[in-house]
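**Q** These are the residues of each chain, in order.
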Amino acid sequence: MEVVVQIGPQHLALAEPERFRIHTEGEKVVGVDVAVGYNHRGIEKLAERKTFEQDILLVERICGICSMSHPVAFVQAVEDIANVDIPERAKYLRMIIAEMERIHSHLLWAGIAAEIIGIETLFMYIWKDREYVLDQLEIITGNRNHYAWNTVGGCRKDITESQFPGLLNALEVVERRTEYYIDSFLRNRTIRARLIGTGILSHEDAVRYCTVGPTARGSGYAVDVRKDDPHLAYDQVDFDEIVLDGGDNLERAKVRLLEVIESVKIIRQAIDALKELPEGDLAVPVTGIPQGESVGRYEAPRGEVFHYVKSNGTFYPERVKIRAPTYANIQAVPSMLDGDTLGDVPLTIASIDPCFCCTDR
Amino acid sequence: MTALTAEELISRIRSHIGKNFIEYHTGRRNRVFITVKNGSHRDVARLFSELAAHLSVITSVDLGEYLEMVYHFEIKPLQVSLKTSAPKSNPRIETISDIFISAAWYEREAMEMMGLKITNHPDPSHLFLPDDYAECPLRRY
Amino acid sequence: MHPLLSVLVVPGLIFTSVMSLIYAGIYRKVRARMQNRRGPPFLQPVYDFVKLLSKDSIKPAKAGFFFTWAPILALASILIVPILFPIGGLSFTGDLIVVIYVLNMSAIMLALGGFSSGSAFGAVGGSREVTQLFAYELPLAISMVAVAVKAGSFSLSGIAAAQEAGGMLFYQLPFACIAFLTIIPAKIGLAPFDIPEAEQEILGGPLVEYSGYRLAIFTFANEVKAFAVISLAVLLFFWYSWWQFLITGVLLWLLFIYIKVISARVKTDQSFMFFWKYIAILGLVDLVRVVI
Chain W
-1 MEVVVQIGPQ
9 HLALAEPERF
19 RIHTEGEKVV
29 GVDVAVGYNH
39 RGIEKLAERK
49 TFEQDILLVE
59 RICGICSMSH
69 PVAFVQAVED
79 IANVDIPERA
89 KYLRMIIAEM
99 ERIHSHLLWA
109 GIAAEIIGIE
119 TLFMYIWKDR
129 EYVLDQLEII
139 TGNRNHYAWN
149 TVGGCRKDIT
159 ESQFPGLLNA
169 LEVVERRTEY
179 YIDSFLRNRT
189 IRARLIGTGI
199 LSHEDAVRYC
209 TVGPTARGSG
219 YAVDVRKDDP
229 HLAYDQVDFD
239 EIVLDGGDNL
249 ERAKVRLLEV
259 IESVKIIRQA
269 IDALKELPEG
279 DLAVPVTGIP
289 QGESVGRYEA
299 PRGEVFHYVK
309 SNGTFYPERV
319 KIRAPTYANI
329 QAVPSMLDGD
339 TLGDVPLTIA
349 SIDPCFCCTD
359 R
Chain P
134 MTALTAEELI
144 SRIRSHIGKN
154 FIEYHTGRRN
164 RVFITVKNGS
174 HRDVARLFSE
184 LAAHLSVITS
194 VDLGEYLEMV
204 YHFEIKPLQV
214 SLKTSAPKSN
224 PRIETISDIF
234 ISAAWYEREA
244 MEMMGLKITN
254 HPDPSHLFLP
264 DDYAECPLRR
274 Y
Chain H
11 MHPLLSVLVV
21 PGLIFTSVMS
31 LIYAGIYRKV
41 RARMQNRRGP
51 PFLQPVYDFV
61 KLLSKDSIKP
71 AKAGFFFTWA
81 PILALASILI
91 VPILFPIGGL
101 SFTGDLIVVI
111 YVLNMSAIML
121 ALGGFSSGSA
131 FGAVGGSREV
141 TQLFAYELPL
151 AISMVAVAVK
161 AGSFSLSGIA
171 AAQEAGGMLF
181 YQLPFACIAF
191 LTIIPAKIGL
201 APFDIPEAEQ
211 EILGGPLVEY
221 SGYRLAIFTF
231 ANEVKAFAVI
241 SLAVLLFFWY
251 SWWQFLITGV
261 LLWLLFIYIK
271 VISARVKTDQ
281 SFMFFWKYIA
291 ILGLVDLVRV
301 VI
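Chains as they are written, first to last, in our numbering: chain W, -1 to 359; chain P, 134 to 274; chain H, 11 to 302.
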């Protein structure tokens, strides 16, 4: 006898509204219907009415956590159209804040995953350690989210010498605690029992559905914009792309936590590079965007963020197209839920690290 | 194996679809923009799927007299944007969701936002907008 | 002791209520401190109870007859257990059987409350509660019968007297003791076996549609159940005298809070397999040992 359990639009396991209709027989899932659009705000239409500089602030507010993802992708596309090269210093500054955002986003996800499987202690511990990173972001940029760090041609603010020691301290704490959390996720028997073997996304499905980010890399599909399409200063720092086989929830958790360690490595190298660079301009002055089009891509914590910007020579863009990583990954969710039990559904949906407000715009 | 260059890709597409190829231009950092005639975009998509392309998204653009669909692919290391257009009076473009399964949702968004008619689409219902919303918000009329 | 005093004061209504609320307060404070938080004040369960009584209790249109009666019967049935404790209680021969039945009743009332909520989440929660009941009921009964046979009596006061004479039963019946202690988290809804009340998965399970005074009664029944089951464990395996009984109860409660804080929730099929494969065997081992 088939029972339809509806998860959403309001549900304790989902931070944002989407509707999943789960068809179950007993506790086994036999079908999933996904409906999106509950958070649609018409950002693309609004972007055509604002200037390029105003659009940077607009796309920053598509989502709370992806607040370096969208601005950097957008501003890279605009800089391509205007044919400007941003200063070296600005590249490293953008990269540091971007990697810090990756760290606090992955830690947020790890806490939420722990809470969903019932071990709220780990959730409390992880979010406490996340506060160290957020404190540093507030000291450097002035805000915990929505940093307003970018402008067309470079960065708006600098990181001063006096802020480096606090940043390095916080990174050291985060690295040490993340090693402990990796250990917890891998060795605590009750956590393993929940994560292993659930929400399996096979390699073929990961490629077929064109998934991105840790969702794809946990299934052996090696896509990472930082390696494939080097932007900012990623081709000048040394880090590993974490790709694991297996495709279940535990693999995706491992990918994200290991990426936190890699991000700490990147930030340390960027700080060293910044200390070497001479004092200079943070931004190149850009007056007027000529006619043209370009594509800006950026590796957000959730995957590839894609912006297509078309300019007709006026102050306002002709067309702005925004594609968040969850827009691609959510199409693979029915394949991941196939064969799971009802108890695994919230965890599997959370394991793609969904950001539904980015999907709906 | 050397990486694919823009010129190689263009010549392969040209030999594949012949005179349906309209024009192309390149941007900075390995970006390529190709325009082909309506209908032949399916052959190009099939060629891309043999090259292990990754479909990022499909954009719909209002060009005034025409409505344009831009298919964004990544064929390492190039970022290829394939454009095709149809007149506003009869905006029919065929689907590529049988070749790239994730195109289905992007085409649904194009249909509801720009008023394009994607033929042979498996599920042409509204994606983001309410089911009874009749206008096409992204059109510039 | 006068029977009316036993029922109403000690170990009846007043004593049980006070101890249950103390246990609940300890639970929330200790759990918070272990999680690096400050936690609510000790009296928070009292405040919550009073606050819930003042809220609207909305009965869904599709709710059934048991929607109001399930919490009341759950509370009434679980209140019987402390009245039988041998600290001034009304113990009688065979009251161990009554205890087994009454503990069953409280779980069934929780499931009934879920089924009569008129909500898919409540129904799923109710079915999970019944499934878990099937899982641990047999090992529970087996270990309690093993204790009764060893002590030579089916009454709680008789079991207490046997331990005062012959020593605590936990080292004489170690397997039954381990089996009983493993079942306690499942019985009172603590991790790793708090599947029916899984907040994040089924929005709170059987209690999802409850509000106001009905929720207050149900929550209070759960708190009394925690106190009653822990005290029962001390009575069956660790009894020495009435003051040691109270202290060991609190110590045992702290142990289970610790286990809850470090565990995730297991899945329904995993817990079912666990109880039937391992815990039932443990209980059977001791039962066979005492019978032969």
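Simulated from the structure, these hints should not be mistaken for lab results.
Be aware that a few hints might be false.
[Claimed, not checked] 25 Å max Cα-Cα, derived DMTMM-like pairs, lysine to aspartate or glutamate:
| hint | chain 1 | residue 1 | chain 2 | residue 2 |
| --- | --- | --- | --- | --- |
| 1 | W | Lys263 | W | Glu173 |
| 2 | H | Lys72 | W | Glu173 |
| 3 | W | Lys43 | P | Asp176 |
[As the list claims (entries may be wrong)] Where chain P lies over chain W, by a calculated footprint (3+ residues, C-beta under 8 Å):
| hint | region |
| --- | --- |
| 4 | 188 to 194 |
| 5 | 292 to 306 |
Where is the CB? At the ideal position from N, CA and C, for every residue including glycine.
**Q** Could you run down the list of hints and mark each one as holding or not?
**A** Status of each hint after checking the structure:
1. W:Lys263 / W:Glu173: holds (9 Å)
2. H:Lys72 / W:Glu173: violated (52 Å)
3. W:Lys43 / P:Asp176: Violated, at about 32 Å.
4. 188 to 194: violated (count 0)
5. 292 to 306: holds (count 6)
Comparing the model with each numbered hint stated earlier shows that hints 2, 3, 4 do not hold.
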